Amino acid sequence: FPTSSLSMRSASSDKKNIGFHSPEWQIGPPSLENSVDKPRYSRLSNTSADKDGKYQQEREEKEEKDKARMLMVSFLLMLVIGCGNKIFQKLQTVPMYNYPNFLNLLTTFMYIPLSFSYIIPVAKFGWLNNTITKEQQNLPKKPFAVMGFLDCLAGIMQIFAATYLPGPLLVLLAQMAIPVSLFLSKTMLSATYKPYQYFGAVIVAMGIVVVLAPSLNGGDGDATKILIWSSVMILSCIPMTLSSIYKEKALGDTELDPVFLNGWIAVFQFLFSIPLAVPSALASDPPIYPADLMDNLLGGFKCWVGIDSIDEDNNPHNVPSDEYDSCGLAPAFVNVYLLFNVCYNILIILILKFGNANILWLAMTIMVPVGNLTFALPFLADYGGAELKATDVVGLVVIMSGLCLYRFGEGAWVRFFGGGEDEEEE
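Going by our numbering, the residue at position 100 of the sequence shown is 105; the numbering climbs one at a time, nothing skipped.
Please keep in mind that the hints were generated in silico from the structure rather than gathered at the bench.
Just so we're clear, the structure is a prediction, and the values are computed from it rather than from any experiment.
In silico SDA-like links for lysine to any residue, alpha-carbon gap of 20 Å or less: (1) Lys230 - Ser289; (2) Lys199 - Phe422; (3) Lys72 - Leu84; (4) Lys230 - Ala218; (5) Lys394 - Pro171; (6) Lys394 - Ser406.
Kindly generate the complete structure, drawing on both the sequences and the hints.
Quick look at the structure:
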């Protein structure tokens with residue numbers, strides 16, 4: 006959540022803002038560094054030059070193999086960590102059900118010390134080839150504040166939606182970011198898209214409607230609640246996308262270390278989350294009024310460390326008995342989610358470093374059905390899971406079709422409808 010638009014920002018800039026460079030890649034082998042740069046001839050050939058050329062070729066081949074190996078490892082880890090991130094995004098909210106406000110503040114705050122434990126030594130002592138330059142450090146902080154505010158809105162909306170929505174629906178609704186980002190980028194950045202991308206985005210939106218069909222037709226309280234929070238989840242894509250768009254307009258091609266960028270965004274996101282906790286608390290179920298907010302945040306802290314606060318003997322807000330605190334698993338679920346989320350963002354950076362955005366999109370596409378179907382497993386029934394309905398399966402197929410067309414459909418589109426690769430839709 007604190008870096009909810011990291012993947013969008015990173016993928017859009019591909020490799021421009023990747024600040025991790027292995028020091029070993031910048032240093033030649035000792036035999037070359039220490040040698041005198043003079044040709045040594047034999048009577049037959051320049052054997053020294055031949056050996057140096059052969060050594061250089063072997064070194065380049067080894068680096069390519071190492072790069073391919075790292076990309077494969079990062080890709081496989083992304084599938085595992087990414088699916089775990091989606092699953093624990095919901096699981097953490099189950100024991101913390103009564104404390105979404107605290108959960109939002111916690112997950113945002115944790116990124117600040119984690120990010121600055123990297124930023125400070127790199128910026129001050131020049132570690133990792135001084136990837137955080139003086140120019141980056143001297144940039145005005147206004148763009149970071151604006152992005153932090155937008156990510157704050159998106160994070161609050163997503164954490165509350167994750168609390169009150171079933172896990173399978175949560176995974177699928179997040180894909181609405183594609184049509185939202187396409188529309189806003191086209192409108193605000195005059196971005197160009199190809200016909201197959203428009204069709205893919207429309208198909209994704211149709212799949213979302215299929216998934217929500219039972220709630221749209223139902224009139225009971227649960228259906229209404231799902232519809233409301235599904236709308237909140239979908240609307241959260243707007244500030245998330247606006248954050249990425251603002252980054253493109255405000256920073257342009259400025260090269261930024263991604264941890265430096267997201268660390269400062271996390272600072273402002275947390276600062277904005279504090280005053281916004283007051284209106285956010287009123288959206289809780291039941292509502293938490295300003296006079297009771299501090300007690301609720303304290304209860305959230307206790308729940309995070311495994312201590313119940315709301316039970317039969319202490320229930321000032323008349324919480325239903327089936328929503329009493331059950332915080333025994335909160336330390337495990339919340340901390341595992343935080344670990345997965347940090348690793349997930351690191352893997353995004355590594356995949357873009359060793360590969361490209363298409364490989365990242367492939368991993369993210371695979372994670373959608375895996376994460377969605379995992380919640381149908383019986384042992385997750387009490388932890389945000391749900392039994393698959395016909396509309397869930399149909400909606401998943403439709404959404405996956407739209408995702409594949411949007412992200413990888415150029416070859417098929419050109420084959421069936423013609424048009425060169427460079428042809429863009431104005």
